[in-house]
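Novice: Spelled out, the chains give:
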Amino acid sequence: MRAAVVVFPGTNCEHDVVHALRSLGADADLVWHRDTSLDGADGVVLPGGFAHGDYLRTGAIARFSPVMSPVREFAEAGKPVVGICNGFQILCEAGLLPGGLVANRDLRFICRMVSVRVESNTSVLTKAAEPGRVLHLPLNSYEGNYTAAPDVRDGLAGHVQLRYCGPTGEVAPAWNPNGSLDGIAAVSNPAGNVAGLMPHPERAVDDLLGSSDGIVLLESFIASMIPARV
Amino acid sequence: MRIRVEIDRRPGLSDPQGTTVHRALRNLGYDEVEAVHFGKSIVLEIDGDDADTAVARVREMCERLLANPVMEDFIILVEDGS
Amino acid sequence: MRIRVEIDRRPGLSDPQGTTVHRALRNLGYDEVEAVHFGKSIVLEIDGDDADTAVARVREMCERLLANPVMEDFIILVEDGS
Amino acid sequence: MSDQALHRTLGMTDEEYDRVVEILGREPNDAELAVYSVMWSEHCSYKSSRVHLKRFPTEAPWVVVGPGEGAGVVDLGDGWLAAVRIESHNHPSFVEPYQGAATGVGGILRDVFSMGARPIALFDQIRFGDLEDPRNRYLFSGVVSGIAGYGNAVGVPTVGGDVEFDDSYSGNPLVNVMCLGIMREEQLTTGRAGEEGNLAVLLGASTGRDGIGGASVLASASFEEDDTAKRPSVQVGDPFEEKKLIEACLELYDRNLVVGIQDLGAAGLACAASETAGRAKLGIDVRLDAVPTREPGMTPGEILVSESQERMLAIVSPEDLDEVLRVAKKWEIEAAAVGTIKGGGLMRASHAGRVVAEMPAASLSDDAPIYERPLTEPAGTAGVWEATPELAAAPDVVEALLSLLETPELGDKSWIYSQYDHMLFTNTVVGPGHDGALLRIKETNKALAASTDGDGRRCALDPRRGAARLVYEAALNVAVTGARPLAAVDNLNFGNPERPEVMWQFSETVDGISAACEALGIPVVGGNVSFYNETDGRGINPTPVVGVIGLADPMPLRPPRLDRASAGMELWLFGVTDPTDFAASSYATYILDEHRGRPGTADPTAGAAAVAAAQRVAHGAAVVHDISSGGLGVALAEICIASGVGASIDVADWRMVFSESPHRFLVAVTPEDRRSIRFDPATPIDAARIGRFGGDDLRLGDFGTVAVIDLARAWRSAIPRYMGV
Ligand SMILES: Nc1ncnc2c1ncn2[C@@H]1O[C@H](COP(=O)(O)OP(=O)(O)O)[C@@H](O)[C@H]1O
Ligand SMILES: [Mg+2]
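Residue numbers (my numbering), protein chains in the order written: chain A, 20 to 249; chain B, 6 to 87; chain C, 6 to 87; chain D, 39 to 763.
Just so you know, these hints were derived from the structure itself, not from any lab.
Do not take every clue at face value.
[Unchecked claim] Partner residues aside, some chain C positions facing chain A, computed with beta carbon under 7 angstroms:
| id | residue |
| --- | --- |
| 1 | 18 |
| 2 | 22 |
| 3 | 25 |
| 4 | 29 |
[To be verified] Computed beta-carbon distance windows for the label pairs:
| id | chain 1 | residue 1 | chain 2 | residue 2 | range |
| --- | --- | --- | --- | --- | --- |
| 5 | A | 245 | D | 763 | 41 to 49 angstroms |
| 6 | C | 33 | A | 210 | 25 to 33 angstroms |
| 7 | B | 64 | C | 85 | 21 to 29 angstroms |
| 8 | D | 47 | A | 114 | 51 to 59 angstroms |
Ideal Cβ positions, reconstructed from N, Cα and C, are used throughout, including at glycine.
Model the full assembly from the supplied sequences, consistent with the hints where possible.
Specialist: So, in structure tokens, the structure goes:
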């Protein structure tokens, strides 16, 4: 099983994602945004960074890259697609996930560990995680504030995968780092095969760096890539 | 031709820049300000002399790229039709 | 009253956002676009019914806070005087 | 005489002008004059500092490239090299804090990747006036978001730095940035032209009227508050362009497609072209009409000296040109062959078939004036040194500790560094919020450590002692991560060099840094000088900033961190405390409001012993934390806050709590681990068990007890109470 890790101009977490996936036993290759095929990959990751500088709107220009056509087909075929941070923003812009991400409430970039609670395990990102479990993950974004139009909000029920919370799992405004709607840190599409999250699981696969709680999320994704189990 | 596009966030969606500017203006004593909405203004210099065609094309640019239809509305203004 | 402030980067300063959007529009086939300038648009809802006073106050807000005098110019537009 | 007027407007003296005439054998035209004026400005030529900088020790077996190139390069073993450079962007940050800081980050990155290295970490050293003043808050928040905005988007983590708040920086904020890069030895590239017939290819952003006669001339003359004429148009950073430029250049190095490369900084194309040619004792023809411009109607002279950001000049052999252009196209950056390397040593710039400037390439750097400016010890120095801070009365020690923790300088810095991506590349084993940063090198057992430190107040009282102590402090901050210090870089921020007192401070600083580097065996591999930090005749504190990098090989299995102390651990104090070392201490500054006395001198033997001991102890102890600003009291409070545990110490003299005497560090260790730590008899150092961790309170002998949560509350509020949460 092999993941395609897509690189746009301005992407910067691609090597970290490849390193993390490989350290968990999966195969992963970089795919340039001008490529028109995913070369038989079993899963797709859109990693973090600043595709096209985040100019205009985060993710706005990236969604027109040639590689997004096969990514869309791949997603529509029900195969696993995960967007991390900037990748999440691109998936929203591309309409593969509901809602969008705007500037953080305090208009400051946030780089620090946050706690998130697993809300659901209905997605390729969370299927191996137990609902209610609290994960400590690095958050690293300026536009991490999830928002959705009122008509979209109702449709989110059941598809929120992670929410910001306190160290023991309590969800409350005080624990919301960036103003996200209902503390949402990750959502999926209704089918669960496309998911996006703001925190960086690939930065949390080694206790030496402070946390290994990202492993359960990446392992969910890796498990989703095994065709028999889809 | 110079065409300006104003892109505003849809009402009901969170607008942290607007909220922050509003708070800052209040702190400076501008109590008459009741709300602030933060958006973008993009000026396009277009080669061509038919304003209708240009506006139609700019509308398409907005729908495809410049604005995000699930979050933003836009207005097109012809600033200089020559 | 609704007042819109358009904030444009001074001519001559580099405008990476404008340049990048320009390139993206060209890639999408909009060859008629010759330049793109990226700016901000801020809508203020103001309590009061005297447009002149409001505009004078908004000018002050621009000078003090909304625009960066070393990099930006601004235009004030009354969108709805009621 | 109109030319005379022009050269003066450009900041050139009559003697300098005559020298240009002598070199050219004729009067220069305007374009030539513009080039000389920028290249011979203080900023580019180091004309006032050069005679002093020669005193730095610069050699060691592991130094691959010393000062003079884009960045210093040291050998990490097994084919790995590290590149390091530091630079200031003080004046532009005063004019526009966000863009000034952002373009400062962009510039230092280009210095590092011009050597062939991938930039892996940034460190920012920033200084502002009192945060009570809204203007200073505006500058502080603008600078931090500018560093964040550029560094985060360009994709290089900012993993450390330092910050000072002092009135002397009120009209003159300081923004220095250090960058670290890493490469395999095959990738090392330098700014050399190779041979005749090679082509000069301009890569990256198009050229506009940025900083013409601006940044460099500006950084070379004092600033008057409303001297708008001298204000250059603001330069806008484009981290996206830079990111593409980095990736494109790294691919060019990987595929061996460039002979040499140099970034375009001050004096733009003129500087890059003349230096690459001049270093190879060759000449270059530059075709200015081939340069992609951003604005219509630029004059040839403007194109030649424009300081537009995000540009590099690569020297390539003609047969590689097509491939170079293909790589540029892949990364979506512009590339244009704008010059050809020639014999004969002339830089000749042409436009529309006409020669617009012609000068000996090497003369721009090699023939720049050198000044041995007069030095004078400031009047009253002896008196200042004799008057020691008043320490007779014992304070309320707990009260004083809380007050210190609540100052923005000693309090929690996370308001700053949580705006910086400090985790990218997943190498940051120890990030900001501890002492030095420690970055693992993934394919190896090695880790690279670095720390940057500055202390303008101590240097104001005694620049020689103050500067020397910075080197020891930075080295100790590196050692507490388990690394051996390898090399230093320095950034010397001073006032007007035409004032003899400023030059005295400068010279003393160089001697202080040199002596400390000699004693520790760490060469200076690069640096930067920023003079004329003066507004309305008021200069800044003399502010050298020192960065030290080190290597841990192997990396400690569990590198020490401030948050690893726990109940039952022993607290050890290494080093000797001088209970009278209070001059320029945080206690004297913030509690006594006293700004006099002579700081204690660094002790080469004790300093080296502390560095050696810390490095060893770090391979076994839970916490190893150097004692600096705020003394033992603040250092211990930081451990208690980070670890969420109390401690109790024996202390008989209250001055021991706040003294800032150098070469000391604290260790938290379990009794079992302590027995396995080697105390090397070759470098003896005093070590005493002074307390134990446990409970929820910090007890300072009989001087008082305070709850750790109260310490934490004071410490966390330090910056947010001015800047918002
Ligand atoms: N401007 C800054 N940018 C990033 N990190 C900073 C900055 N200032 C301080 N820090 C970080 O905060 C921590 C404490 O800094 P400081 O109080 O200067 O420590 P020390 O006294 O040990 O040098 C360090 O890890 C340092 O890297
Ligand atoms: Mg420090």
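Novice: So which of those numbered hints doesn't the model satisfy?
Specialist: Number 1 only.
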